[in-house]
Every structure is written in structure tokens, then in C-alpha cells.
Amino acid sequence: MRYRSIDLNLLIVLDALLDDPSVTRVANRLNVGQPAISAMLARLREHFGDPLLIQEGRKLVLSPVALELKPAVQAWLERARALTSAKPGFDPSRAERRFAIACSEIVAGFLLPIVSARLAKEAPGVTINVRTFSAFREARTPAVEALERQGLDFVVLPALFTSADHPRRPLLSAPYRCLVWRGNRDVFGSRRKTATLDEATFYALPHIVPTLLDGSVVTIESDDALIHRAQRERVVRTEHLLAIPFAMAGTPLIATLPSFVAERFAAREPELRVVDCPIALPPLAEVVQWQQARENDPAYVWFRDVLLDCASEMTPGI
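First residue of the sequence shown: 2, per this note's numbering; consecutive thereafter.
One should not assume that every hint holds.
To be verified - Lysine to any residue pairs mimicking SDA-like chemistry, simulated, CA-CA at most 25 Å apart: (1) Lys71 to Arg132; (2) Lys60 to His48; (3) Lys122 to Leu309; (4) Lys71 to Glu106; (5) Lys71 to Ala96; (6) Lys122 to Glu79; (7) Lys60 to Ser39; (8) Lys60 to Arg46; (9) Lys60 to Arg26; (10) Lys71 to Arg44; (11) Lys60 to Ala37; (12) Lys71 to Leu31; (13) Lys60 to Asn32; (14) Lys122 to Glu106; (15) Lys122 to Arg132; (16) Lys60 to Val74; (17) Lys71 to Ala17; (18) Lys71 to Phe49; (19) Lys71 to Leu61; (20) Lys71 to Ala43; (21) Lys122 to Leu31; (22) Lys60 to Arg80; (23) Lys60 to Asp92; (24) Lys122 to Ala96; (25) Lys71 to Arg30; (26) Lys71 to Lys122; (27) Lys122 to Pro299; (28) Lys71 to Asp21; (29) Lys71 to Gly90; (30) Lys122 to Asp92.
FYI, nobody ran anything at the bench for these hints, they're computed from the structure.
The task is simple: from the sequences and hints, build the whole structure.
Here's what the structure looks like:
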């Protein structure tokens, strides 16, 4: 391929000579010495096997080959200018892209519907493939397993399970609150109006807790409070987070959940009430993490910001 034998920078000189066939004027125009322009013209003549500029009277004119080359050289340089001045970007409205994300059922059930609505409006060609976090639960570092070995784009999980080798940002933070049946007299009293859930009652009543497929508790922060100090036989475990409100009606069960989850469940089920948790628990704190190699990928930056915006929308004021 003959283009490999030519310094492509010579085409800039050729373009100038084709526009104004004067070595002296081109030297002045490009701020280069005349001997240097003459040397470049000699290399161009050797490459194309043609004089390119020929003497006609007291001036130089373009040869037939040069006249044939002129539009091609101009077009090439125009493309080169467009390429070098272009700034990589991502147009979500026109993009066809799929992002794979691993997350808990809380994130899948409460955050991703908001994300999907945003995508439908702003990026109809962008889709998401959701993997359950439990698939990587046995891995020592689930983020590494998901991002490096499985090739997923994003993970959302507690900071405890993230990797120091990949960038991350805080995504969700929310305090825990308790969800109870409104007929629970141990909490509301005989009049069922004033909630009096104290620490003793909290530990005395049976609990329902969401778990992963291996039986481990989803809400890591509340594991000690709900499992180790409560009576194990009075703990109901379920892999199905969204089934919790249906299982609670008419029972003395307590569910300790992130505030936005408890409040959403209570809004859907009029038989349930949200009360403050009587024990101190660290808030839910989940982060989003993505592949280090894609840190500057405009598409990744855009989708990460969508996740952050939607999480902020889901938990306003928290």
C-alpha cells in the first residue's frame, strides 16, 4: 500500500502547492524555509512519479496528474480536520446499547423501574440486562467476579463487597424503618393509633427478612440485630422481597427495611404501617461500581449519571 511510504504531513504541503503553485509563496504561507518546501516537493514528485508542478513561461503550473490529485487531496485533508477536531461523545437519543448490571432485588425492584422510564424517554435504543447479586455471593469479592470475570458493565452493592481496582460512587443511602400490620396490638395498643415499638418489643416479636438464594440476609447492616439477638425460630426468611407486604397482613411480623422500601410497601398495602426502628442501625449504603477500563467511556459516564440521578429522585431529601 503506497500510502505507507509517504509522510502524510507532506499532503499538507501538496495541498498548499496545488492551491498556489509557488514554492516561495507556500514557504511563506506555511512559515517554512523555501529549501524545506523544495525538498518536500522533490519527495512528492518521487512518490507520485510526476513533476506535479511544471514550468510554463516564467511561472509554475499544475501538471495533469496534479490537477487530478487536487480534489482527492482536499477531500482527504477535510476528513482529517474533521477527525482531529471531533470530540468523542455519546448521543443517548440515537444510541443502540445494552448495559449489564448486577444488583440486589431492592435496587432491581425500586431503582431500575425509574431508570427504565428514563431510558424509554431519553434513550429508546438503550436497554439493560439485570443480573441478581446472589449469583456472585460466593465470590470473595463479588465486584471483581461480576466486572472482570463475567464482564458486566456495572454492579450496585454494599461498599463491603466492592473492589479497590475499579472506580465507584455512592448511589443509595437510606435509614432503616420498620413495617408492621396496623392490627398489631403489641405495637399500636388497643386503640391502634399510637405506635409504641420499643426495643424489647422489637426483639420479642417475630421478624420477616429478605434473603439471597443462599439464605444470607440481604440487608447486611441489620443481620446482627435481626438474626443473632432475635430468636432464630421466630425469623421468617424469604427470597422474594416483593412478597413481604403480602405475608405480613394479619400477623405480628416486623420487617426492618430501608425507609423508601417500607414506605412504598405501606402506600400499596393499607393494612401496613411504617414506624421508627427502636434500635440504632447503620443506614443502607450502596455504591455503583464500573470497569476501570471504561472510566472515560462517554456511554458509561452517561449511564452512571442516569443511575445517580434516578437514585436521587427515588430518595429525595435522604
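Now the hints, each set against the structure:
1. Between Lys71 and Arg132 the alpha-carbon distance is near 56 Å, which puts this suggested pair outside the 25 Å criterion.
2. Distance restraint check for Lys60 and His48: the Cα-Cα separation of roughly 23 Å lies within the 25 Å cut-off, and the hinted pair is therefore satisfied.
3. At roughly 17 Å between alpha-carbon atoms, Lys122 and Leu309 fall within 25 Å of each other, so this suggested pair holds.
4. Straight-line distance between C-alpha atoms of Lys71 and Glu106 comes to about 63 Å, which puts the hinted pair past the 25 Å bound.
5. Proximity of Lys71 to Ala96 is assessed by CA-CA distance (about 37 Å); at most 25 Å being required, the pair is judged violated.
6. Among the hinted pairs, Lys122 with Glu79 is inconsistent with the structure: their alpha-carbon atoms are about 36 Å apart, more than 25 Å.
7. Restraint check: the Cα-Cα separation between Lys60 and Ser39 comes to about 15 Å, which is no more than 25 Å; the hinted pair holds.
8. About 18 Å separates the Cα atoms of Lys60 and Arg46, which keeps this hinted pair within 25 Å; it holds.
9. Between Lys60 and Arg26 the CA atoms are separated by roughly 12 Å; this keeps the pair inside 25 Å, and the hint holds.
10. Of the supplied pair hints, the one linking Lys71 and Arg44 holds, its CA atoms being roughly 17 Å apart against a limit of 25 Å.
11. Restraint check: the Cα-Cα separation between Lys60 and Ala37 comes to about 20 Å, which is no more than 25 Å; the hinted pair holds.
12. A threshold of 25 Å between alpha carbons decides the hint, and for Lys71 with Leu31 the separation of about 18 Å falls inside it, so the pair holds.
13. At roughly 21 Å between alpha-carbon atoms, Lys60 and Asn32 fall within 25 Å of each other, so this suggested pair holds.
14. For the proposed pair Lys122 and Glu106, the alpha carbon gap of about 24 Å is at most 25 Å, so the pair holds.
15. The straight-line distance between the Cα atoms of Lys122 and Arg132 is roughly 23 Å, inside the 25 Å bound, and the hint therefore holds.
16. For the hint linking Lys60 to Val74, the alpha-carbon distance of about 23 Å falls within 25 Å, and the restraint holds.
17. Taking the CA atoms of Lys71 and Ala17, the gap is about 10 Å. The hint holds against a cut of 25 Å.
18. The straight-line distance between the Cα atoms of Lys71 and Phe49 is roughly 13 Å, inside the 25 Å bound, and the hint therefore holds.
19. For the hint pairing Lys71 with Leu61, the CA-to-CA distance comes to about 16 Å; that is within 25 Å, so the pair holds.
20. Annotation: proposed proximity of Lys71 to Ala43 holds, straight-line Cα distance about 17 Å (limit 25 Å).
21. Only pairs whose Cα atoms come within 25 Å are accepted, and Lys122 paired with Leu31 is rejected, the gap being roughly 50 Å.
22. Only pairs whose Cα atoms come within 25 Å are accepted, and Lys60 paired with Arg80 is rejected, the gap being roughly 31 Å.
23. Between Lys60 and Asp92 the CA atoms are separated by roughly 52 Å; this puts the pair beyond 25 Å, and the hint is violated.
24. Proximity of Lys122 to Ala96 is assessed by CA-CA distance (about 13 Å); at most 25 Å being required, the pair is judged to hold.
25. This hinted pair checks out: Lys71 and Arg30 have alpha carbons roughly 18 Å apart, not beyond 25 Å.
26. For the given pair, Lys71 sits about 47 Å from Lys122 by alpha-carbon distance, which is inconsistent with the 25 Å threshold.
27. For the proposed pair Lys122 and Pro299, the alpha carbon gap of about 19 Å is at most 25 Å, so the pair holds.
28. For the hint pairing Lys71 with Asp21, the CA-to-CA distance comes to about 11 Å; that is within 25 Å, so the pair holds.
29. Between the alpha carbons of Lys71 and Gly90 the distance comes to roughly 32 Å, so the proposed pair goes past 25 Å and is violated.
30. Distance check on the hinted pair: Lys122 and Asp92 sit about 13 Å apart at the alpha-carbon level, within 25 Å; holds.
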